[in-house]
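Visitor: As a plain string of letters, each chain reads:
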Amino acid sequence: MSRRRRVSPVVWLLLPWALVYGAFFVFPFLFSFVLGFLHYNPLNVANTTFVGAGNVTRLFGDADFHSALRNTLFFVIGTVPVTTTLALALAWLLHAPLPMKDAFKAAMFLPSILSVVVIALLFKLFYAPGGALNETLRALGLQTHGWLTDPATALPAIMAMDIWAAVGYYALVLYAAFTSIPESLYEAATLEGAGHWATFRHVTLPMLKPALGFVLVMTQGGPLGSTNTLVMMLYDTAFRRLDYGYSSVIAYAVFILSGVFSVFALRRMRSQTPVQQRGMPA
Amino acid sequence: MMRYLRWIVLLVAIVLMAYPLGWMIAVSLRTSEGLNLRYYADVWNSGPFDRYFINSLAVAAVVVLGNIVFCTMAGYAFARYRIRGGKLLFFLVLSTIMLPKQVILVPLYIEMQRLGLIDSYWALTLPFLVDPFNIFLIRQYLLGIPTDCEEAARIDGAGELFILFRVVFPMLTPVLAVVAIHTTLTNWNSFLFPFILTNSTSMRTLPVGLALLAQGAYSIDWGHLMAGAVLSALPVVVAFLIFQRRIIGGLTTGMTR
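Chain order of the listed sequences is F and E. Taking the numbering used here as reference, the numbering of the first sequence is continuous, increasing by one, and the terminal residue is 282. Taking the numbering used here as reference, the numbering of the second sequence is continuous, increasing by one, and the terminal residue is 1257.
Everything labelled a hint here was simulated from the structure, so no lab data went into it. No residue lacks a Cβ here, since even glycine has one placed at the ideal position from N, Cα and C. Keep in mind that the hints are not guaranteed to be accurate.
Stated by the list, open to error - Looking from chain E toward chain F, a few residues come up when the C-beta cut is under 7 Å (computed):
| # | residue |
| --- | --- |
| 1 | W1007 |
| 2 | P1020 |
| 3 | F1070 |
| 4 | P1100 |
| 5 | I1104 |
| 6 | V1106 |
| 7 | A1211 |
| 8 | A1214 |
| 9 | L1225 |
Take these sequences, add in the hints, and give me the full structure.
Guide: Encoded structure:
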């Protein structure tokens, strides 16, 4: 009797989640696995062939995949330290009784409520001939540049956009962590005769560790998704070249890469503090 | 002294950050006849832009409502019931939070096509009704509040439905505010899935419509494009400015408890 009463509500409480999750995540996810073994063209379904591991070996030899992977890595290694350091600096600056603090916070948060499309257009204009960057350079008597058309500057330019879009939000996360450090620790440090740097190094930084861990972990996803180059390739393969089978293998590569990373992230978060905060996915 | 230095450095940083945004607004307002709203009027009257707007609004409303009800149910189940295999189930929830959704883009498209739901409101809402992150938030929040009220109601003979929606639900207001904000922002700004799952103009949402504007008639017409970008961002920016304290608090510290 009591057993039935404990079990039955759970079923209907979890039912909506289970249905949506099963139908629109688990099923497509498994379906994708099957597709990975096929050569499947939606315009010619009758000619679907089983290629076994063919798509996988093709992926390992695909120069496009190699360069997408390289770009993704370069992107992560280039943006994460910059975003984290800048966010920490901004949070530290903000952590004082300042006039107009709310306005500052609002301005810093603003980029994170914009859609990827708006941000992309914004920066397409920013880097364009006659855009903000080139016009400013021209006014200063410097050389203008085709930032997005020159392959050497295109990726860094997009990385700068990513940092712009992310830094304010993480600064506010770190600022929240700053404000939760008990004042007594600082008083103790002052009594011990610790200077500014020593206090920062030995009191502030250790207390910020969980929040910093969170920022490090989350920035790797990037607000715009650091796997962008890989996702672009996935999209192209599926919807332009109509090669669904191969695109599924690329999807699984993205999945495995982020899976490895998630394990690391979850472990890191658990070892330091219960998972507390999370940003908005792009 | 130090304080003013801080303030000035911050101000400079924020002005630098706001520079591209300011430029965007300036470009959208500067027409051949001086500063006016002509580009905005053009974009709005370009036909479907008002339709995009209505679509975005309707889809966001349904998705937010679905998340509030369904994630509360699931979060409540995970927080308050001993479920056989519950650990594994909750691990599934957690793992979906971390994984990039783009992985299922292609198979979801095929599935929707087979179900005949491509290019419908179903495709824009159904897959997004239960965001696992919201389940996680609600569960964490519930674990932090005592079960006294629920027990009292149960002793008084209240049914589970009554307890969930009349006793627990009102206690969840702070976390549900965060859920609503987070879901609204994610949904309003989402591009890739709505782009793939719809194909007629009348089903497009704002970010998709804006991207199409950029590929179509206005591809290098910055004035019109930026007016479109500002128009599409305006509702969330206005909402943000009204509720900024709550939004910033909710999405940076609100979950520490």
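Visitor: Now tell me, hint by hint, if it's right for this structure.
Guide: Outcome of the hint check:
For W1007 of chain E, the interface hint holds, the least distance from its beta-carbon to any beta-carbon of chain F being 5 Å, beneath 7 Å. Because the beta carbon of P1020 of chain E sits about 5 Å from the nearest beta carbon in chain F, less than 7 Å, this interface hint is met. Because the beta carbon of F1070 of chain E sits about 4 Å from the nearest beta carbon in chain F, less than 7 Å, this interface hint is met. At a threshold of 7 Å, the smallest CB-CB gap from P1100 of chain E to chain F is about 5 Å, leaving the interface hint in force.
A distance limit of 7 Å between C-beta atoms decides the matter here; for I1104 of chain E the minimum to chain F is near 4 Å, and the interface restraint holds. Using the Cβ-Cβ criterion of 7 Å, the hint placing V1106 of chain E at the interface with chain F is satisfied: the shortest such distance is roughly 5 Å. Given the 7 Å rule on beta carbons, the hint for A1211 of chain E holds: about 5 Å separates it from the nearest Cβ of chain F. With its C-beta approaching chain F no nearer than about 6 Å, A1214 of chain E sits inside the 7 Å limit, and its interface hint holds.
With its C-beta approaching chain F no nearer than about 6 Å, L1225 of chain E sits inside the 7 Å limit, and its interface hint holds.
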